[in-house]
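Asks: One-letter residues, chain by chain:
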Amino acid sequence: MNRIQPQVSGLSSEFFDGCNEGVLRLQHCKSCKAIQFYPRVFCKVCSGRNLDWVNASGKGNVASFTVVRKALTEGYKAPYIVALIDLKEGPRMMSNIVNCEPELVTVGVGVRVVFSAWSDTLSLPVFELSNEK
Amino acid sequence: MISLRGKVALVGAADSRVGIVPDLDANELCADAILLSLADAGIDKDQVDGLITCNSMSKPMLYHAEAMAEYLQIFPRYCFAAGAGGGTTFSILHHAASAIVTGMADIIVIAMADCLSSGLSREQSLLVQSSTGHPQFEQPYGPTVPAYYALIAHAHMAKFGTLPEHFAEIAVACRAHAIQNKTAQMRDPITVEDVLNSRMIADPLHLLDCSLVSDGGAAIVMTSAERAVDFPHPPIYLLGVGEGHSHEHISQAKSLTTSAARESSKQAYAMAGLGPKDMQFAQLYDCFTPTVLLELEDLGFCKKGEGGPFISSVGIGPDGSLPVNTHGGLLSHCHPGNPGSMFALTESIWQLRHSAGKRQVSNANVGLLHAQGGIMSSHTTLILGRDAS
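In order, the protein sequences belong to chains S and B. 37 is the number that our numbering gives to position 37 of the first sequence; each next residue is one higher, with no gaps. Plus 133 on top of the position in the second sequence (first one is 1) and you've got our numbering.
I should point out that these hints are in silico values taken from the structure, not numbers from a laboratory. Predicted, not measured: the structure shown is a model, and the values here were computed from it.
Taking lysine-lysine and the BS3-like style, the derived pairs with C-alpha atoms no more than 27 Å apart in a straight line are:
id: 1; chain 1: S; residue 1: Lys33; chain 2: S; residue 2: Lys88
id: 2; chain 1: B; residue 1: Lys410; chain 2: B; residue 2: Lys437
id: 3; chain 1: B; residue 1: Lys387; chain 2: S; residue 2: Lys88
id: 4; chain 1: S; residue 1: Lys70; chain 2: B; residue 2: Lys192
id: 5; chain 1: B; residue 1: Lys292; chain 2: S; residue 2: Lys59
id: 6; chain 1: B; residue 1: Lys387; chain 2: S; residue 2: Lys30
id: 7; chain 1: S; residue 1: Lys30; chain 2: S; residue 2: Lys59
id: 8; chain 1: S; residue 1: Lys88; chain 2: B; residue 2: Lys292
id: 9; chain 1: B; residue 1: Lys491; chain 2: B; residue 2: Lys410
id: 10; chain 1: S; residue 1: Lys44; chain 2: S; residue 2: Lys88
id: 11; chain 1: S; residue 1: Lys59; chain 2: B; residue 2: Lys387
id: 12; chain 1: B; residue 1: Lys437; chain 2: B; residue 2: Lys399
id: 13; chain 1: S; residue 1: Lys30; chain 2: S; residue 2: Lys88
id: 14; chain 1: B; residue 1: Lys140; chain 2: B; residue 2: Lys399
id: 15; chain 1: S; residue 1: Lys44; chain 2: B; residue 2: Lys387
id: 16; chain 1: B; residue 1: Lys292; chain 2: B; residue 2: Lys399
id: 17; chain 1: B; residue 1: Lys387; chain 2: S; residue 2: Lys33
Far from chain S, by Cβ distances over 12 Å, these chain B residues were calculated:
id: 18; residue: Ala164
id: 19; residue: Tyr204
id: 20; residue: Gly448
Even glycine gets a Cβ: it sits at the ideal position worked out from N, Cα and C.
Looking at chain S on its own, in the form it has when it is part of the complex (with noise of 0.2 Å):
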């Protein structure tokens, strides 16, 4: 059994090209300078529609997290962890943090992008520990 798929469409595609290129792109508002997440058609600070993307760092901070114990389908093998990522652009997303022990996390501490695959076709930006705070 496969893990839940993102549907690719419409803005959001760009966001999945770049996951496929092993870029983290984040949406940017040009004439704000705001950087958001999930992308949108216009941009929740300022509410201008001139938006075009910017490569994200990649590095961020751990705003929470938990140790996924039951999976949620068989797709998933338990324990995992769902962690929110602070990114230092500033926009927060949901992820997984891999590669690590579950006991290592901690609320605050530093990670990095790094790319999983989903799919054939797709893979998607998860996290793993890095030195840095």
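Chain S is already provided as a structure; the job is to place chain B on it using the hints.
Replies: Below, chain B alone, put in the same frame as chain S:
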């Protein structure tokens, strides 16, 4: 703005059987609860001219309220189904009160039921409820419903030093209430150690920090304060109501540790002209133990960050200074999904009628009810009382 204070009253209330009810489906349970609530109100179904329901997960219908009206052969002039997750119950009450004041209906029935235990497999139930997550940017990472609330719990622990023991005390208090309620699904006493020793589901939430998976339904009858005095039971008046809607997806919440319960309660207190200290009991949405702790803070029963110590010192069990979830709550009474808070509502009506039997809170004249839906997303606070003025 027109104040709804004292303008409408609850004149009928009933629960269906709850827990595991394999012999009736969600819509049959809904009909059952409606008929029971009409009997409690002493009226015939033909007197109902407003019906509000919410859809079920186990037996969904596209036009739920209309289909329920048809099933019951009632022909209302005001009829709709609403959806705001666990917050639906009380936001519907807000809408119904407005509809009565503006003349859209004279007698409104609010009814909800679902069968998450008998009508869905464990896997289906888990999956359908977790679909509250963002389909593109959250769900692929496999968050379960407990996981969403665990994110809130960990954030609160990191910021304020809240302990798993504090969350466990909430589960213990709800169970202590449930022991006094014959209809509650879980009635064996539990201790803080029992909670902490129960299986970890999503750190820091243990099995006993999580609400039940149940079948069940409930219904209430609402009318204007003028009409309410003609019904057999003492009317229970709506004194205050307010809502706050801050996000849907937890990754978009402005804060993980402060919720829109602040905004909803501020409006409800202002309308009622009352504050947290005036409440003899509180029914607080307890899909997972941390929600009660945040709600105690955001509703003003204690300062932000002091929810844990408040629970330990003041007490929210039957002998506590602030009894919370006097029926046992979603943690120990029953939790059939979106209808969950209906049971907090019917319980509050019985508490304020002074007909709650063994679990009656002494001098219960005013109580606060709070529900939230999504992941601490949609909030509605109600204040109900025995007296209209």
